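If you want the building blocks of each chain, they are given just below.
Number of protein chains: 2
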Amino acid sequence: MAHPAEAATSTSPDFASVLHRYREATRARLFRYLPRAEPREYLYDLAADYPSRGGRGFRPSLCIATARAFGAPPEAALCTAVSIELIHNAMLIHDDIEDESEERRGSPALHVREGVPIALNVGDMLSLLAMRPLLDNQAVLGPWMSLRILEETERMARESAEGQALELGWRRDNVWDLGDADYLTMVLKKTCWLATIHPMRVGALIGTRGRIDPDRFVRFGFFLGAAFQVQDDLLNLQGDPEAYGKELDGDILEGKRTLMLIHLFECASDSEKQRLAEMLGRERHERSADDVRWVRDLMDRYGSITYAREAAHGLAGAARYEFEQIFGGLPDSPDKRFIEALPEWVIRRT
Amino acid sequence: MAHPAEAATSTSPDFASVLHRYREATRARLFRYLPRAEPREYLYDLAADYPSRGGRGFRPSLCIATARAFGAPPEAALCTAVSIELIHNAMLIHDDIEDESEERRGSPALHVREGVPIALNVGDMLSLLAMRPLLDNQAVLGPWMSLRILEETERMARESAEGQALELGWRRDNVWDLGDADYLTMVLKKTCWLATIHPMRVGALIGTRGRIDPDRFVRFGFFLGAAFQVQDDLLNLQGDPEAYGKELDGDILEGKRTLMLIHLFECASDSEKQRLAEMLGRERHERSADDVRWVRDLMDRYGSITYAREAAHGLAGAARYEFEQIFGGLPDSPDKRFIEALPEWVIRRT
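The listed protein sequences correspond, in order, to chains Z and Y.
Here the working numbering is used: the first residue of the first sequence is 1, the next is one more, and so on.
Here the working numbering is used: the first residue of the second sequence is 1, the next is one more, and so on.
Hints are not guaranteed to be accurate.
The list cannot tell twin chains apart, which means a pair is met if one copy fits it or any two copies do.
Derived SDA-like pairs (lysine to any residue); straight-line CA-CA distance at most 25 Å [to be verified]:
no.: 1; residue 1: K256; residue 2: V112
no.: 2; residue 1: K256; residue 2: R40
no.: 3; residue 1: K256; residue 2: E38
no.: 4; residue 1: K256; residue 2: Y44
no.: 5; residue 1: K256; residue 2: L178
no.: 6; residue 1: K336; residue 2: I305
no.: 7; residue 1: K256; residue 2: R113
no.: 8; residue 1: K256; residue 2: D45
no.: 9; residue 1: K336; residue 2: R105
no.: 10; residue 1: K256; residue 2: E41
no.: 11; residue 1: K336; residue 2: A181
no.: 12; residue 1: K256; residue 2: G115
no.: 13; residue 1: K256; residue 2: V116
no.: 14; residue 1: K256; residue 2: D300
no.: 15; residue 1: K273; residue 2: G54
In case anyone wonders, no lab produced these hints; they're calculated from the structure.
Since we're looking at a predicted model, the values are computed, not measured.
Work out the full structure: start from the sequences and follow the hints.
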C-alpha cells in the first residue's frame with residue numbers, strides 16, 4: 001500500500017535531523033519559561049510534567065521550518081515555536097480531563113495523578129505561560145509583528161475550542177448521525193489549526209515579515225493535519241502499545257468520533273446501529289472489553305479500517321499537491337525538503 | 001460597629017451612579033465580543049451564560065474609574081474593562097468546577113447544567129475571548145500600550161492561578177496548619193490581583209499613558225481586595241439567601257479556607273481540631289448539614305465571625321489610608337470619590 005518513495009523520504013537522515021534539531025532547540029528554550037518557583041508542589045512542578053514526558057516536537061518544528069523556508073534567520077521563530085508547544089501541552093491536560101483519558105505519553109494522565117481541580121488549574125497556567133514567549137517576541141520581531149502573532153494565536157485557540165466543543169457535544173448527547181464532512185469539520189478545527197495551519201501561518205508571517213496572506217496555508221494544513229489525525233486514530237486501534245503511549249482501543253472506550261466509527265455507523269445494519277448507539281451512550285466505565293472487541297470486529301467486517309487508511313492516503317496525496325502550490329517556488333533547502341516529506345511521514349508513523 | 005460616614009458614602013447617589021454607568025458600558029461592549037455563531041449549543045450560547053446572569057461590575061468599574069481619575073478620556077479603558085470582566089467570568093466557570101460549587105448567581109453552576117467537559121471548554125473559550133478586546137486596544141491606545149496591558153494581564157492571571165493552586169492543594173491534602181499570613185498570601189493572589197490590583201494598575205497606565213509605576217497600587221489593592229474577600233466569606237455564612245446567589249454555608253461544605261475557619265483551627269481544643277480535620281478531609285458529599293451546623297456553632301463559640309468582621313474593618317481602614325497616598329493628590333472628581341468610597345462599600349455589602 002505504501003509508495004516506495006515514502007519510506008525513503010520519511011526515514012531520510014535529513015528529515016530526522018531537522019525534526020531533532022528544532023525539537024531540541026524548542027525544548028531548551030521552553031524549559032526556561034517554566035518557573036522554578038512556589039507554589040511548586042501544586043503548580044509549577046506539575047506544569048513541567050507533560051512537557052517533560054517528551055513528544056515529537058512536530059508542531060514547533062513545522063513553525064521553525066516554515067519560517068526558515070521563507071527566509072527567516074535561525075532564532076526568529078523560536079519564541080513562537082515555544083508558545084505553540086506550551087499551548088499544545090496545555091490543551092492535552094484539559095483534553096485528558098474532558099475525554100476522561102487515563103494515560104498520556106505512557107504514564108497516568110495528570111488529572112488521574114493529581115485530581116481534576118489541580119490538573120485543570122495547571123492547564124490554565126500552561127496556557128498563560130505560552131503568553132510570555134509571545135510577548136518576548138517584541139525584542140526580536142518588534143511590536144507590530146508580535147501583536148500580529150498574538151492575533152494568530154487567538155484565532156488558532158478559538159478554532160481549537162470550537163472543534164473541541166463539537167466533539168464534546170456529540171459525545172455528551174450521543175449524536176451519531178454524522179458524515180465524513182462533519183468529521184472533517186471537527187478535525188479541521190480541533191486538530192489542524194494547532195497542529196499544522198497555525199505553525200505554518202505564523203512561520204510564514206515571520207519569514208516574510210508579514211508580506212504573505214496566511215490563508216494560503218489553510219488548505220495544505222487541513223489535508224496534512226487530517227491525514228495526521230486519521231493516522232493517529234488508526235494507531236489507537238492498531239499501534240504498538242509500547243510506542244503509542246496511550247491505552248490501545250482507548251478511543252472506543254471514550255466514544256471518540258473517528259472516521260472508522262462514523263464509517264461503521266454508515267454501513268452497519270439497523271440493529272447493529274442501535275446496539276452501537278446504546279453501548280456508546282453509556283458512561284465510559286460501563287463499557288467493557290467485550291464491547292470494545294465487538295466494535296473492533298465489526299470495523300473489520302465492514303472494512304472501516306481499510307476505508308480510513310485509504311482516506312489518510314488520499315488526504316496525504318492532496319497535501320503533496322498543495323505543497324507544490326505554496327512552497328514550490330521557494331529555493332531548495334533542508335527546511336523545504338522537511339515540509340515536503342511531512343505528508344508521507346504523518347501516514348507512516350507507528 | 002459601622003461608622004456613620006460609611007452608610008452615607010456607600011449609599012450615596014454618586015457612588016451608585018458611577019458603578020451603574022460603568023457596569024452598563026462594560027456589559028454593552030462585552031456582549032459584542034461574544035460571537036453569535038456555531039457551535040452555539042455546545043459553546044457560544046454557553047459562553048454568554050455567566051455574563052448574562054449579572055454581577056455587580058465592580059472590577060471593570062474600578063478599572064475605568066482609575067483611568068478617568070488619572071485623566072483618561074471616556075472610552076480609553078473600555079476594552080480593557082471588558083477583558084477584565086470576561087476573564088472574571090472565565091475564572092468563575094473553572095473555579096466552580098474545581099470547587100465543586102453547585103450554584104452561581106442564583107442558578108445551577110455551568111458544569112452542573114452542562115457537564116464538566118463542556119463547561120471546562122467554555123471557560124477556556126471565555127478566557128480566549130478576553131484576548132480580542134486587548135488586541136483591539138491597538139486602535140485606541142497604540143501598539144506599545146496594548147502590549148503593556150497584555151503583559152499586565154498575563155501577570156494578573158498568573159498570580160490568580162498561583163493563588164488557586166495554593167487553595168486547591170491545601171484542600172486536596174487537607175492542610176490546616178495555616179495562619180493568617182498564609183490566608184492573606186492566598187487571597188492576595190487568588191482574589192486581589194483580579195479584583196482590585198490589576199484593574200487599578202491598567203487603569204492608571206492608561207490614564208497616565210504609561211507614566212506611572214503600577215506597583216504603587218499593590219498595597220491599596222491588597223487591603224481593599226482582602227476586605228472584599230473576608231466580607232464575601234462572611235456573607236456566605238450570614239447573608240440573605242435571595243441576595244447572595246450561592247448556597248449559604250456552601251464554603252463550609254466545600255472546605256474552603258476562610259479567615260473564620262483558620263481562626264477556629266487556631267482556637268479550638270485538640271479534640272475539636274481533630275474532629276474538624278477529619279470532617280473537612282472527607283469528600284464534599286460526605287459532609288452533612290449537621291456537620292455544617294456544628295462548625296457554625298463552634299465559630300460562634302470561639303468568636304471566629306467577630307474576629308473576621310474586625311479583620312475586614314481593619315483592612316478597609318488600611319485601604320482608606322493607602323487611598324490617600326496614591327489618589328490624594330489628584331483633583332476631585334466623581335471617579336476619585338467612587339474609589340474613595342470603595343473600602344466602606346466592600347465591607348457593607350449584603
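**OP:** State whether the alpha carbon distance between K273 and G54 is at most 25 Å within one copy, between copies, both, or neither.
**Re:** neither (39 Å within a copy, 44 Å between copies)
Original post:
Between copies, within a copy, both or neither: which fits K256 and R40 at Cα up to 25 Å?
Top reply: between (34 Å within a copy, 21 Å between copies)
**OP:** Indicate which option fits the pair K256, E41 if close means a Cα-Cα distance not exceeding 25 Å: within, between, both or neither.
**Re:** between (33 Å within a copy, 19 Å between copies)
Original post:
Can you tell me if K256 and V112 fall within 25 Å by alpha carbon in one copy, between copies, both or neither?
Top reply: Both: 19 Å inside a chain and 22 Å across chains, each within 25 Å.
Original post:
Given a CA cutoff of 25 Å, do K256 and V116 count as a within-copy pair, a between-copy pair, both, or neither?
Top reply: Classified as both; 20 Å inside a copy, 17 Å across copies.
**OP:** Could you figure out if K336 and I305 sit no more than 25 Å apart (CA to CA) within one copy, between two copies, both or neither?
**Re:** Neither. Shortest intra-copy (32 Å) and inter-copy (68 Å) distances fail the 25 Å Cα cut-off.
**OP:** Could you place K256 and E38 in one of the four classes (within, between, both, neither) given a Cα distance threshold of 25 Å?
**Re:** Between copies, since 21 Å is at most 25 Å while 37 Å is not.
Original post:
With identical chains treated as interchangeable, where does the CA-CA distance between K336 and R105 reach 25 Å or less: within a copy, between copies, both, or neither?
Top reply: neither (29 Å within a copy, 55 Å between copies)
Subject >> 25 Å Cα threshold - placement of R113 relative to K256 >> reply: both (23 Å within a copy, 22 Å between copies)
Original post:
With identical chains treated as interchangeable, where does the CA-CA distance between K256 and G115 reach 25 Å or less: within a copy, between copies, both, or neither?
Top reply: both (22 Å within a copy, 17 Å between copies)
Original post:
Taking 25 Å as the upper bound on the Cα-Cα distance, should K336 and A181 be classified as within, between, both, or neither?
Top reply: neither (31 Å within a copy, 57 Å between copies)
Original post:
Given identical chains, is K256 near Y44, meaning Cα to Cα at most 25 Å, within a copy, between copies, both, or neither?
Top reply: between (31 Å within a copy, 22 Å between copies)
The structure fails to meet hints 6, 9, 11, 15 from the earlier list, while all remaining hints are met.
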